[in-house]
Amino acid sequence: MKGIIELFSDYTFQIVALGTGLLGVVSGVLGTFTVLRRQSLLGDGISHAALPGVVIAFLLTGTKNTEVLLFGALIAGLIVSFLITLVTRYTRVKFNTALAVFLSVFFGLGLALLSYAQRHPNANQAGLSRFIYGQASTFLARDVWIVAIAGLFVLILVFLFWKELKVFTFDPTFAQSLGYSRTRLDMIMNLLLVVSIVIGLQAVGVILMSAMFIAPSVAARQWSKSLGGMVLLSAVFGAMSGVLGTLVSSAYANLPTGPVIVVCASIIAGISLLFAPGRGLVHSFYRRYKARKEMKGKQALNA
Amino acid sequence: MNHNAKKSEVAIEVFDLTVAYDIKPVLWDVDILFRRAKSTAIVGPNGAGKSTLIKAMLGMIRPLTGAVHFYSKSGLLQRNQIAYVPQSASIDWDFPITVLDVVLMGRYGHLGWIKRPGKHDRELATDALEKVGMQDYKTRQISELSGGQQQRVFLARAFAQEATVYLMDEPFKGVDASTEAAIVDLLKEIISSGNTIVLVHHDLNTVADYFDELCLINKRIIAHGPIEKVFNEENINRTYGRNSLAKAGLA
Ligand SMILES: Nc1ncnc2c1ncn2[C@@H]1O[C@H](COP(=O)(O)OP(=O)(O)OP(=O)(O)O)[C@@H](O)[C@H]1O
Ligand SMILES: [Mg+2]
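In order, the protein sequences belong to chains A and B.
Just so we're aligned, residue 1 is where the first sequence starts under our numbering, counting upward by one.
Just so we're aligned, residue 304 is where the second sequence starts under our numbering, counting upward by one.
Hints are computed from structural coordinates only; laboratory data are not their basis.
One or more hints might be untrue.
[What the hints assert, rightly or not] List of simulated lysine-lysine pairs, DSBU-like, C-alpha gap at most 35 Å: (1) B:327 - B:376; (2) A:163 - B:441; (3) B:476 - A:225.
Quantities reported herein were computed from a predicted structural model and do not represent experimental measurements.
Given these sequences and hints, build the entire structure.
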């Protein structure tokens, strides 16, 4: 217990936990929209595609500067989200298929480039491999600023376009009939998604990033009856997972932060799926049990 | 077809519209004019292109050729003037949203980007729910509605739009008889205050009671005009194929 209190007053821990908590909030909010649009895997495609972006940015500039590397990820993510939208819109290729193709092509390219880049004298120092599994312990105050500024940008846009995102997520055809441009809304949505993925890459890594979008929102869906409620709760669950994950991985050195954060998020999702009132598994079993008992009681009375 | 109608009497004009999903067009050369303050039934067999016509009028499908004018203006109408009820809502019924919230979305066209619905919008949405007899379900989750109730919510959303043009694709599908009667009264009210309705309908028994005009369609426009002139056995047979009226038990 004393260890934990010490940890909380540790400056490095505070920085890292602030960063992961913030990105948990952002991915929780955005995840709600992608899960409800049944595009939860889009995040997976984009985050995997970010890897070659990071490596190319490194190869071109030779820098270990996080801003530059994440900018590479941003460009790659935007390109792949654009390609997926284009291919599903204008060809008969299904969303899932397009996603799988782009994901493997870009990720494969990223891995190949990475092993090439490792020969570069600066490569180890730049710590490129931290983008695969994520290592939040490398967070500096500056990295937290990146997360905070980009995250604020995403949250402000979500707030401003709340009504549009809501109707577009719920009923895109109707949104179109109201005169909202589908292309424009798709672009806004993709931009928000890409930005919120990019800020999580350093802490969570490309492989598991999409879980940060899915798990908190799936958990939040179990407890909420409105989109606003679901978004708020998902943000809270995301933040909880970020902070808890950081706590555990700091307490046991060498545990990569990303996987631990994702495990925390999954535990929250698991508990919600089982125990949420109304939609939870346990509650629905209980309802069936009661309904059956009541029915039997009535039959006995009638008999 | 009467192209001599005065401009002020015309709500929607469709010129030379040809639409294809693949290579072969599913709608050929549609020239049609919908009068202001009239209700028109679009009637034709399955696959005739009725939904396609409505979607093309809304600009949701890009036609191969042709144009649609609302109130004599080319290009898309200000969208808060059109209410659209799709044939089947392609939505996720498990979405966390209440009935009232769905109907409120009908007001979004009046709000434009960024602005939120206010008290007035809430009142209109509540009124619309009363009109379709769903006021008791305001706070229900949409996942907890029956099929017909879902359809009524979507109708309420259209009524909340306070549009001047209503494009409705089989709005009575799954709705019980007494609700249908109530909605027909409502439609007549909408017409009498000067608005226009174009409605895809399948029930030949009620066409004459419900609508002012009839448009028979089967890939092309077969006939169009006032019910009393157009609704006859010959036209129906030309639309549905020989003796279809006898088959439908109407002859
Ligand atoms: N998205 C699509 N892609 C390809 N073909 C389509 C598509 N939608 C409709 N079609 C085809 O276009 C034709 C017209 O379809 P439409 O939906 O307009 O018919 P409809 O008159 O509304 O029929 P129904 O009474 O069954 O609703 C049909 O032959 C259909 O197979
Ligand atoms: Mg149809």
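Now for the hints, and whether the structure bears them out:
1. B:327 - B:376: holds, 29 Å
2. A:163 - B:441: The given pair, whose Cα atoms are some 19 Å apart, holds under the 35 Å limit.
3. B:476 - A:225: holds, 28 Å
The structure shown violates none of the earlier numbered hints.
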